[in-house]
Amino acid sequence: MLAQLTTSMNFVAKKPLEQCMMRFIRSLSAVSPSKHYDVVVVGGGMVGFGFAAMAAAHPFLRSKRFLLLESGSKTQYKKEPNLRNRVVALTPISRRLFEDVGAWKTIEDNRFQPVKRMKIYEVGSNAKLLLERVNPDDDMGCIVENDLIISALEAVVDKAVKQSGTEAYPGSMEVMHNAVVEDIQLPKSYDAVDMPRLLVRDRASPSDAAIPIEASLLVGADGFRSKVRNVSGIHTVGWEHDQMAIVANLNLPDDYDPTIAWQRFTDTGPIALLPLGPKKCSTTWSTTKAEAKRLMNLDDKTFVNELNRSLNEPAHRPSGLVPSIVAAVKLALPKSSQSFTPPKILGVDSNTRACFPLLFRHSSFYHAPRVALVGDAAHRILPLSGQGVNMGFGDAASLAKHLNEALSEGADIASPRFLRAYTSDRQRSVVPMAAFVEFLQALYSPDATLGTLEPPSGSVLARLRLLSSTLGLSDAVLSIRGLGLDLVDSSHLVKKFFVEAACNGRVQVPFVK
Numbered sequence: 001m002l003a004q005l006t007t008s009m010n011f012v013a014k015k016p017l018e019q020c021m022m023r024f025i026r027s028l029s030a031v032s033p034s035k036h037y038d039v040v041v042v043g044g045g046m047v048g049f050g051f052a053a054m055a056a057a058h059p060f061l062r063s064k065r066f067l068l069l070e071s072g073s074k075t076q077y078k079k080e081p082n083l084r085n086r087v088v089a090l091t092p093i094s095r096r097l098f099e100d101v102g103a104w105k106t107i108e109d110n111r112f113q114p115v116k117r118m119k120i121y122e123v124g125s126n127a128k129l130l131l132e133r134v135n136p137d138d139d140m141g142c143i144v145e146n147d148l149i150i151s152a153l154e155a156v157v158d159k160a161v162k163q164s165g166t167e168a169y170p171g172s173m174e175v176m177h178n179a180v181v182e183d184i185q186l187p188k189s190y191d192a193v194d195m196p197r198l199l200v201r202d203r204a205s206p207s208d209a210a211i212p213i214e215a216s217l218l219v220g221a222d223g224f225r226s227k228v229r230n231v232s233g234i235h236t237v238g239w240e241h242d243q244m245a246i247v248a249n250l251n252l253p254d255d256y257d258p259t260i261a262w263q264r265f266t267d268t269g270p271i272a273l274l275p276l277g278p279k280k281c282s283t284t285w286s287t288t289k290a291e292a293k294r295l296m297n298l299d300d301k302t303f304v305n306e307l308n309r310s311l312n313e314p315a316h317r318p319s320g321l322v323p324s325i326v327a328a329v330k331l332a333l334p335k336s337s338q339s340f341t342p343p344k345i346l347g348v349d350s351n352t353r354a355c356f357p358l359l360f361r362h363s364s365f366y367h368a369p370r371v372a373l374v375g376d377a378a379h380r381i382l383p384l385s386g387q388g389v390n391m392g393f394g395d396a397a398s399l400a401k402h403l404n405e406a407l408s409e410g411a412d413i414a415s416p417r418f419l420r421a422y423t424s425d426r427q428r429s430v431v432p433m434a435a436f437v438e439f440l441q442a443l444y445s446p447d448a449t450l451g452t453l454e455p456p457s458g459s460v461l462a463r464l465r466l467l468s469s470t471l472g473l474s475d476a477v478l479s480i481r482g483l484g485l486d487l488v489d490s491s492h493l494v495k496k497f498f499v500e501a502a503c504n505g506r507v508q509v510p511f512v513k
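Just so you know, we're using UniProt numbering here: the sequence shown kicks off at 1 and counts up by one.
Any given hint could be a false lead.
[Unchecked claim] Below, simulated BS3-like cross-link-like pairs (lysine-lysine); rule was C-alpha separation at most 27 Å, straight line:
#	residue 1	residue 2
1	LYS128	LYS330
2	LYS293	LYS330
3	LYS401	LYS128
4	LYS280	LYS293
5	LYS280	LYS116
6	LYS495	LYS116
7	LYS35	LYS401
8	LYS279	LYS116
9	LYS35	LYS74
10	LYS188	LYS78
11	LYS128	LYS496
12	LYS401	LYS159
These are calculated hints, taken from the structure and not from any lab test.
Remember, predicted model here, so these are calculated numbers, not experimental data.
Please work from the sequences and hints to get the whole structure.
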């Protein structure tokens with residue numbers, strides 16, 4: 001009996017200890033080790049899915065493990081009678097990239113609008129400019145809805161997901177929707193044992209524990225407020241323009257030519273009309289913040305009236321000595337036979353008006369140890385030339401190419417040599433284009449000193465404007481600017497330079513390789 005009691009007491013004493021040990025073991029197993037991927041892409045969108053689709057087209061990258069983290073839920077594009085108000089002008093080179101990865105067919109099967117010509121005119125003078133390709137039958141670009149582009153690229157990525165682990169795709173491609181990146185820890189060097197680490201939570205299951213993830217290379221495609229860029233410490237330069245851009249979808253008359261895009265430089269900023277198809281176009285109206293607020297508060301009918309007034313307002317006729325000399329020079333220039341009467345806006349689609357700020361930001365480098373930036377995470381420019389997202393697709397294609405080259409030579413996928421080559425390659429394209437767009441912005445920006453905007457009465461700007469008006473500086477600047485536009489229009493070589501730069505996404509001096 002005593003022996004039984006002793007045995008029972010020993011069992012009772014051991015049981016709490018065993019339970020504690022079991023709880024400790026279970027707690028250790030609950031902490032999952034970091035899942036390792038060769039490449040983790042933070043941010044889907046057009047450029048994030050674009051990079052994943054382009055990476056899947058390279059043979060050496062197809063053998064690697066990819067994870068794309070998309071903050072939004074998975075959606076399917078549905079073709080509806082009324083288009084979305086967010087559209088982009090895809091350049092011919094971006095279209096070729098889409099064709100190469102198999103994304104263009106989805107766009108072609110739905111809808112897009114080719115643009116053959118662009119007509120540009122201004123309010124400061126009667127100068128006009130017609131832009132088109134050397135072969136007028138070639139497209140300058142095509143207008144496509146943002147959602148359709150994402151859907152087309154995501155379809156390519158989904159195909160890679162389904163083929164993962166097969167002979168066609170030996171590696172793996174994964175996409176996590178509703179992903180919230182809670183924490184990012186980045187290495188200070190390219191050491192193979194020091195990798196980027198992330199904590200990611202599924203927004204659809206907020207009660208679940210965050211998932212630890214490790215990557216050999218982290219790609220930031222998370223927009224101009226990029227968390228990846230901020231954590232990496234990559235230096236940026238930039239500024240806000242005191243302007244906003246209003247976008248909206250417009251209704252046009254039956255005789256509207258849907259192959260022509262329009263742009264007018266007004267006192268407060270440029271107005272662009274991008275064709276969406278018969279009797280439809282999208283506008284991007286850049287203006288001052290105060291004016292944008294006023295326009296957004298107007299009812300649809302009044303907004304349309306204001307837009308028609310700005311598109312058709314008679315051009316200013318500069319006077320004075322310099323404008324007289326400029327007018328004499330213009331007499332020697334060939335006259336365009338093209339009509340520059342813009343289409344009449346009949347109406348605006350309800351709930352398509354939206355507004356966003358205009359700013360410039362550029363990263364000093366597009367890479368850091370085991371980090372690469374693409375799209376707006378690396379650079380953001382004004383929508384003046386329609387180059388923004390096309391630059392992002394150029395980044396995606398270039399990064400995929402350089403990573404594939406690194407692997408083909410047996411190097412680390414995050415080799416600093418190839419990441420430096422990526423930055424160098426892209427900055428040779430992006431920096432000249434961004435500088436040119438900023439130059440145009442400065443040339444046509446609202447200016448209270450030279451007389452395109454009325455400054456507050458009694459202010460220093462008002463006195464400077466009075467002085468510039470008295471000396472004839474305002475009209476002199478406006479007339480010289482208009483002459484520049486007319487000179488470009490009269491030179492086929494110069495026009496070809498600008499058109500090909502826009503179509504190819506690279507400012508290239510003629511005859512210089």
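Determine which of the earlier numbered hints do not hold for this structure and return their numbers in increasing order.
2, 3 and 10
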